[in-house]
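Asker: Protein sequence lines correspond, in order, to chains E and W. Numbering follows the working numbering, in which position 139 of the first sequence is assigned residue number 483; successive positions increment by one, without gaps. Numbering follows the working numbering, in which position 237 of the second sequence is assigned residue number 581; successive positions increment by one, without gaps.
Calculated directly from the structure, the hints in this document are not laboratory data. The beta-carbon is built from N, C-alpha and C at its ideal position, and this holds for glycine as well. One or more hints might be untrue.
[Unchecked claim] Pairs of lysine-lysine, DSBU-like flavour, derived with a Cα cap of 35 Å:
hint: 1; chain 1: W; residue 1: Lys380; chain 2: W; residue 2: Lys427
hint: 2; chain 1: W; residue 1: Lys615; chain 2: W; residue 2: Lys541
hint: 3; chain 1: W; residue 1: Lys470; chain 2: W; residue 2: Lys615
hint: 4; chain 1: E; residue 1: Lys380; chain 2: W; residue 2: Lys470
hint: 5; chain 1: E; residue 1: Lys537; chain 2: E; residue 2: Lys470
hint: 6; chain 1: W; residue 1: Lys470; chain 2: W; residue 2: Lys488
hint: 7; chain 1: W; residue 1: Lys488; chain 2: W; residue 2: Lys537
hint: 8; chain 1: W; residue 1: Lys392; chain 2: W; residue 2: Lys427
hint: 9; chain 1: E; residue 1: Lys427; chain 2: W; residue 2: Lys427
hint: 10; chain 1: E; residue 1: Lys392; chain 2: E; residue 2: Lys427
hint: 11; chain 1: W; residue 1: Lys427; chain 2: E; residue 2: Lys615
hint: 12; chain 1: W; residue 1: Lys380; chain 2: E; residue 2: Lys615
hint: 13; chain 1: E; residue 1: Lys392; chain 2: W; residue 2: Lys541
hint: 14; chain 1: W; residue 1: Lys470; chain 2: E; residue 2: Lys392
hint: 15; chain 1: W; residue 1: Lys470; chain 2: W; residue 2: Lys541
hint: 16; chain 1: W; residue 1: Lys392; chain 2: W; residue 2: Lys380
hint: 17; chain 1: W; residue 1: Lys488; chain 2: E; residue 2: Lys488
hint: 18; chain 1: W; residue 1: Lys615; chain 2: W; residue 2: Lys488
hint: 19; chain 1: E; residue 1: Lys470; chain 2: W; residue 2: Lys470
hint: 20; chain 1: E; residue 1: Lys541; chain 2: W; residue 2: Lys392
hint: 21; chain 1: E; residue 1: Lys380; chain 2: W; residue 2: Lys541
hint: 22; chain 1: E; residue 1: Lys615; chain 2: W; residue 2: Lys392
hint: 23; chain 1: W; residue 1: Lys380; chain 2: E; residue 2: Lys470
hint: 24; chain 1: W; residue 1: Lys615; chain 2: E; residue 2: Lys470
hint: 25; chain 1: W; residue 1: Lys615; chain 2: E; residue 2: Lys392
hint: 26; chain 1: E; residue 1: Lys470; chain 2: W; residue 2: Lys392
hint: 27; chain 1: E; residue 1: Lys427; chain 2: E; residue 2: Lys380
hint: 28; chain 1: W; residue 1: Lys470; chain 2: E; residue 2: Lys615
hint: 29; chain 1: W; residue 1: Lys615; chain 2: E; residue 2: Lys380
hint: 30; chain 1: E; residue 1: Lys488; chain 2: W; residue 2: Lys470
hint: 31; chain 1: E; residue 1: Lys488; chain 2: E; residue 2: Lys541
hint: 32; chain 1: W; residue 1: Lys537; chain 2: W; residue 2: Lys470
hint: 33; chain 1: W; residue 1: Lys488; chain 2: E; residue 2: Lys470
hint: 34; chain 1: E; residue 1: Lys470; chain 2: E; residue 2: Lys541
hint: 35; chain 1: E; residue 1: Lys427; chain 2: W; residue 2: Lys615
hint: 36; chain 1: E; residue 1: Lys380; chain 2: E; residue 2: Lys392
[Said to hold, decoys possible] Covered stretches of chain E (chain W as the covering partner; in silico rule of three or more C-beta atoms under 8 Å from a C-beta of chain W):
hint: 37; stretch: 354 to 364
hint: 38; stretch: 432 to 439
hint: 39; stretch: 447 to 456
hint: 40; stretch: 467 to 479
Protein chains: 2
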Amino acid sequence: MSRQQRTVFYLSDRTGITAETLGHSLLTQFDGIEWKIINVPFLDDIDKARTVLAQINQALACDGHRPLVFSTLLNPEILAVIKQADCCIFDFFETFIRSIENELQQPFARMAGRSHGLQHHLSYFKRIAAINYVLAHDDGVNPKNFTEADIVLIGVSRCGKTPTCLYLGLQYGIAAANYPLTQEDMPALNLPKILEKVRNKLFGLTLNPSQLHFIRQERHPNSEYASLQQCQQEILWQESLFRLFNIPYLDTTRISIEEISATILDRCGLKRQLYG
Amino acid sequence: MSRQQRTVFYLSDRTGITAETLGHSLLTQFDGIEWKIINVPFLDDIDKARTVLAQINQALACDGHRPLVFSTLLNPEILAVIKQADCCIFDFFETFIRSIENELQQPFARMAGRSHGLQHHLSYFKRIAAINYVLAHDDGVNPKNFTEADIVLIGVSRCGKTPTCLYLGLQYGIAAANYPLTQEDMPALNLPKILEKVRNKLFGLTLNPSQLHFIRQERHPNSEYASLQQCQQEILWQESLFRLFNIPYLDTTRISIEEISATILDRCGLKRQLYG
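All chains, please: the whole structure from these sequences, using the hints.
Answerer: Shown next, in the form of structure tokens:
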């Protein structure tokens, strides 16, 4: 059986982040379909809507299947144009908003851009401060300021510390530092001295040695550093260290940066500073 | 009238990103309510579900209103426990998945963690490569490599270049560089020489001078650099430059990093490398 080809449209008055997030989580539940994804953010005038209407009908003709359309559009006139298309439309607001209106006993604002817009100056500054903190405390830089961190990730080179810290800063406003465990530390089964003061903020990242080998090969092919043996030794050593010092840690082998970050938040009971 | 207090729960088998995105985009449409937000990611066993059930009932007793519960739970036994609560529950999958099954003529996988999990090695590497590119080309560093960038953001100090580049790298896998326009460049109405080779990749960020003044004051209070006059001059100068050289630019004054990033993608026709 050949792979089914279908087109999906994400339509939004603003960024399209909500429409995509919701559609993506539904569609990833179906296997064997090749999706052609068309994002239409900032769909805010009737002429644009007519162009999209034509695109949807064209996709139907081309695929031989109705396109799926996920919409967070709030403007009723624009929605009315889109609804003329022969498609399978999922309107997130229409689906839920009436029940919430009933429950809260008040009408909704029908204002676009609230979800991923700039709601508060305060959270903008918190976010920027967290990003600046992460950038200034990456890879063991300025460890004397680690006492101000919300969390300090530790682990050997290429275990995912930097992207995780950036995600924690950008999405949650968390001041996340990270410190590399290096080969030089390996002879002793001891924490680097500089980390002793922040023992209760440490969180270890580890992964499968063959995965680490694979990642390091990308960067420094056929080096000693990337060799499977070296990766095995470093991982064995760091996991012993984590256990010996009772440092919580996570195996990140088959999980995404989003999952690593959400797990850290959950397990460390960190309070996020940003929502939305 | 005093502000209504209500509790909202975001329940998920995994990260909770989808549940939160959904709930947040709906609830931000209602004003005047003080939300107490309870995130429950990784809700994956019956005992945890019973604890959450008790929490929901307790919130009802405490607020005097039914809590709102947004769920992306896929496990039917866990859902069954939660549904015993006296709450207003929005079950994301149940609401949409049957229509999609019908449209696609196939059953859904009912597997948690697909949406924000690690689907493909390829996209993991793309993402890491983009983040590394951003970090290595922040604030005018290594401009000779700007020819490899997908986009080069320019603008005066504190106009939002770095957070936007990080977001573009982390969320979309875009290799985004940035280069600061500085006071030293100001006497001439000319682009810095190093940017000439990448003229077609340039995108300007600007903002309201009083907002820039406010942001700079946070960092260097009462400095010449932060003075309103200095901010006015720099903004006037850079906007003239953008217009003179036909560089597309965006006023970021009241918009979030998400909106800035989505606008840049849209206006520059950049192809994102990551989904979900």
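Asker: Work down the list of hints and note, for each, if the structure agrees.
Answerer: So, going through the hints one by one against the coordinates:
no.	hint	verdict
1	Lys380(W) x Lys427(W)	holds (20 Å)
2	Lys615(W) x Lys541(W)	holds (21 Å)
3	Lys470(W) x Lys615(W)	holds (13 Å)
4	Lys380(E) x Lys470(W)	holds (20 Å)
5	Lys537(E) x Lys470(E)	holds (30 Å)
6	Lys470(W) x Lys488(W)	holds (21 Å)
7	Lys488(W) x Lys537(W)	holds (11 Å)
8	Lys392(W) x Lys427(W)	holds (14 Å)
9	Lys427(E) x Lys427(W)	holds (34 Å)
10	Lys392(E) x Lys427(E)	holds (14 Å)
11	Lys427(W) x Lys615(E)	holds (27 Å)
12	Lys380(W) x Lys615(E)	holds (13 Å)
13	Lys392(E) x Lys541(W)	holds (34 Å)
14	Lys470(W) x Lys392(E)	holds (32 Å)
15	Lys470(W) x Lys541(W)	holds (25 Å)
16	Lys392(W) x Lys380(W)	holds (20 Å)
17	Lys488(W) x Lys488(E)	holds (34 Å)
18	Lys615(W) x Lys488(W)	holds (23 Å)
19	Lys470(E) x Lys470(W)	holds (28 Å)
20	Lys541(E) x Lys392(W)	holds (34 Å)
21	Lys380(E) x Lys541(W)	holds (34 Å)
22	Lys615(E) x Lys392(W)	holds (20 Å)
23	Lys380(W) x Lys470(E)	holds (20 Å)
24	Lys615(W) x Lys470(E)	holds (30 Å)
25	Lys615(W) x Lys392(E)	holds (20 Å)
26	Lys470(E) x Lys392(W)	holds (32 Å)
27	Lys427(E) x Lys380(E)	holds (20 Å)
28	Lys470(W) x Lys615(E)	holds (30 Å)
29	Lys615(W) x Lys380(E)	holds (13 Å)
30	Lys488(E) x Lys470(W)	holds (33 Å)
31	Lys488(E) x Lys541(E)	holds (9 Å)
32	Lys537(W) x Lys470(W)	holds (30 Å)
33	Lys488(W) x Lys470(E)	holds (33 Å)
34	Lys470(E) x Lys541(E)	holds (25 Å)
35	Lys427(E) x Lys615(W)	holds (27 Å)
36	Lys380(E) x Lys392(E)	holds (20 Å)
37	354 to 364	holds (count 6)
38	432 to 439	holds (count 5)
39	447 to 456	holds (count 7)
40	467 to 479	holds (count 6)
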